[in-house]
Structure formats: C-alpha cells, structure tokens
Amino acid sequence: MHELSIALSVLDIVRTAAADSGLASVTVVRLRIGRASGVQPDSLRFAFDCSKEGTVAEAAVLEIEEVPIGGRCDVCDHDFTSREPYVLACPLCGGASFRVTTGDELHVLDLEGEP
Amino acid sequence: MKVKVVTNILKANTRLAEENRRELHERGITTINLMSSPGAGKTTLLARTIRDLGARIRFGVIEGDIQGTHDAEVIAALGVPVIQINTAGGCHLDANMVQSVLPELPLESIGLLVIENVGNLVCPAEFDLGEDAKVMLLSITEGDDKPLKYPRMFRECEALLVNKVDLAPHLDVSLEKIRADALGLNPALKVFEVSARSGQGLEAWYAWLEGKLRR
Numbered sequence: 001m002h003e004l005s006i007a008l009s010v011l012d013i014v015r016t017a018a019a020d021s022g023l024a025s026v027t028v029v030r031l032r033i034g035r036a037s038g039v040q041p042d043s044l045r046f047a048f049d050c051s052k053e054g055t056v057a058e059a060a061v062l063e064i065e066e067v068p069i070g071g072r073c074d075v076c077d078h079d080f081t082s083r084e085p086y087v088l089a090c091p092l093c094g095g096a097s098f099r100v101t102t103g104d105e106l107h108v109l110d111l112e113g114e115p
Numbered sequence: 001m002k003v004k005v006v007t008n009i010l011k012a013n014t015r016l017a018e019e020n021r022r023e024l025h026e027r028g029i030t031t032i033n034l035m036s037s038p039g040a041g042k043t044t045l046l047a048r049t050i051r052d053l054g055a056r057i058r059f060g061v062i063e064g065d066i067q068g069t070h071d072a073e074v075i076a077a078l079g080v081p082v083i084q085i086n087t088a089g090g091c092h093l094d095a096n097m098v099q100s101v102l103p104e105l106p107l108e109s110i111g112l113l114v115i116e117n118v119g120n121l122v123c124p125a126e127f128d129l130g131e132d133a134k135v136m137l138l139s140i141t142e143g144d145d146k147p148l149k150y151p152r153m154f155r156e157c158e159a160l161l162v163n164k165v166d167l168a169p170h171l172d173v174s175l176e177k178i179r180a181d182a183l184g185l186n187p188a189l190k191v192f193e194v195s196a197r198s199g200q201g202l203e204a205w206y207a208w209l210e211g212k213l214r215r
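These protein sequences, in sequence, are chains A and B. Residue numbers for the first sequence follow the numbering used here, beginning at 1 and rising by one. Residue numbers for the second sequence follow the numbering used here, beginning at 1 and rising by one.
Because the hints were derived from the structure by calculation, they are not lab data. Values in this document were obtained by computation on a predicted structure and should not be read as measured data. Any given hint might turn out to be false.
Claimed, not checked - Facing chain A, a subset of chain B residues (Cβ under 7 Å, in silico):
{"no.": "1", "residue": "Val6"}
{"no.": "2", "residue": "Leu10"}
{"no.": "3", "residue": "Leu189"}
Backbone N, C-alpha and C define an ideal beta-carbon position, used for all residues, glycine too.
Work out the full structure, taking the sequences as your base and the hints as a guide.
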C-alpha cells in the first residue's frame with residue numbers, strides 16, 4: 001500500500017550513491033526484500049518505474065532478491081524457514097509463538113551504471 | 001561499473017524517529033502511537049481517556065488522517081493541545097511528518113503525547129514514529145479473525161485494547177479467541193477488554209498508561 005513512499009526512498013538512496021561514486025546513469029538497482037516486510041515486489045517495481053523519470057535512474061531496472069520468512073519457535077525451540085508469504089504458526093510443531101529472524105529485510109544492495 | 005550500497009530503505013525514517021524519541025525523552029514526555037482500523041473507536045477512546053485522566057495527566061495529541069479535521073476538533077473541544085496531520089492519501093504516518101509538527105505543540109507543558117495514526121491495520125505497524133509504545137485498538141465488531149489476518153500489527157504492539165465489548169451479547173464473536181490468538185502471536189501483549197462508550201474495563205488501561213509516565 002505504501003510502495004510509492006518506499007520507491008521514493010530507494011530513489012533518494014540511488015541518487016546519493018550515484019553522485020558519490022560518479023555514475024551519470026544507473027542501469028540496475030539491486031534490492032533485498034523480506035517476505036515479512038509488507039512490501040510487494042510487483043507494486044514496488046510499478047511505483048519505481050513511475051517515479052524514476054527525469055532522475056539518474058531513468059534507465060534503471062529493479063532486481064529484487066526476496067528473502068523467505070525464517071523464525072525461531074518459542075514452543076519447540078527450533079529454527080525454521082518458510083516458503084509461504086505469511087507465517088502464522090511454526091511449520092515444525094504448529095506453535096503460534098515465534099520470533100521472526102529473517103524476512104524483515106528492506107535494503108538497497110548495490111547499483112550498476114555508467115560514469 | 002558496480003557500486004556497493006547496502007542501505008536500509010527505511011533508514012531515513014528510523015533516523016528521524018530516533019531524533020523524535022530523543023527530543024521527547026529529554027523533555028520527559030511519554031509517547032504512545034495509537035493504531036487501529038478505521039472506526040474501531042480510537043478517537044472515542046482517546047476523548048474518554050482525556051476526560052477521565054485530564055486532571056492528572058497533561059495530554060498532547062497528534063491526529064493523523066487522510067483528510068479532514070473532525071478528530072482534531074473533538075480533541076480540541078476538550079481543551080487539549082492538538083495538531084492535525086493530513087496525509088493526503090497516505091496510508092500511515094511517518095517520522096518525518098511527526099517531526100515537522102512537534103514545534104507546533106507546547107511540548108514544555110505535555111506529559112503524555114498520543115499520536116493517533118491513520119486508520120489501517122497494515123502499514124502503520126511498519127513505521128517507527130519515535131514512540132515509547134505502540135498500542136492498538138481492535139473493536140469486536142471487526143470479528144475475531146483479525147489477529148491471524150493482520151499478525152504484524154499484533155506482534156509490534158505492547159498493548160491491545162479490545163473495544164466495544166458492551167456489544168458482545170449482540171455478536172457472534174469470541175473474546176477468548178481474540179485474546180488467545182493475539183497472545184499466541186505476542187505472548188508479552190497486555191490485553192484490555194474495554195468499552196470506550198460505557199467505560200467498562202477502562203481502569204486497568206488507565207493504570208497501565210499512568211505506569212508509562214516519566215513525570
């Protein structure tokens with residue numbers, strides 16, 4: 001729902017990093033997005049493409065690496081990783097109380113571009 | 001040419017939230033981020049809390065809404081300093097919006113700042129505003145399936161007010177299921193069953209709130 005504000009934050013980070021490293025044009029922006037971050041990759045791509053015009057990232061494509069949800073169960077004390085978009089219970093024992101250990105990520109990893 | 005960045009996309013928000021938290025703490029202010037779906041009763045609960053505790057606690061309020069000033073007018077009528085933020089379509093408040101209105105509040109005379117977030121069970125949970133505690137309100141008319149449908153909100157909060165319990169006899173809703181599912185997601189959650197309309201259960205909420213005060 002708020003992918004537009006996320007896309008604008010990505011563009012801010014890209015603009016600063018491109019200026020710092022002397023890139024005149026950015027061609028690839030690589031992101032890491034956890035499945036528990038609440039950000040939908042397709043919506044983010046759409047918002048990014050709508051917002052990039054007239055910026056250093058005008059020709060950039062987003063490459064998104066998705067991180068599955070991982071957790072540590074408070075009931076059986078095991079670590080788990082899930083392929084599901086939402087995790088409501090430990091897939092090992094069914095316990096509903098667990099800590100999310102991976103899947104909250106929302107990072108710009110790196111850029112590619114031309115000087 | 002490849003350039004390493006490795007920057008948290010929400011870093012800008014987190015930095016501003018930390019600045020807000022530091023300023024509010026230096027002034028001895030406790031801040032609550034109040035969240036719920038539209039219509040759960042945030043403003044009714046807040047107005048009632050202000051009426052009941054206003055003699056003991058110096059309140060300040062930030063109202064977040066997509067548009068309009070209805071909620072701010074309700075709070076202003078109680079004689080409490082209030083600022084309305086209109087997000088103009090935005091689905092949540094962020095730390096920058098809060099920071100930009102803090103100078104408009106008489107912070108030197110506020111002990112408890114309540115930020116009433118935009119009504120939404122999804123996005124507000126993801127944005128730190130600089131609060132001390134996130135508190136959510138769930139009205140029982142929304143149904144007892146909500147904890148398992150919106151788990152992140154229930155995981156992020158310190159306290160859950162289950163509101164409109166005076167309507168329980170008219171609804172096929174299980175208060176036990178709401179409590180059990182919410183505690184399953186977040187075993188440390190404080191759960192209060194209340195009616196902001198009748199006043200039922202509010203004493204326990206008030207005691208929790210007063211325990212959060214710095215001055």
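Results of checking the hints against the structure:
Proximity of B/Val6 to chain A holds as hinted, the smallest CB-CB distance being about 6 Å (cut-off 7 Å). The beta carbon of B/Leu10 comes within 6 Å of a beta carbon in chain A, closer than 7 Å, and the hint placing it at the interface holds. Checking B/Leu189 against chain A: minimum C-beta separation of about 11 Å lies over 7 Å; hint violated.
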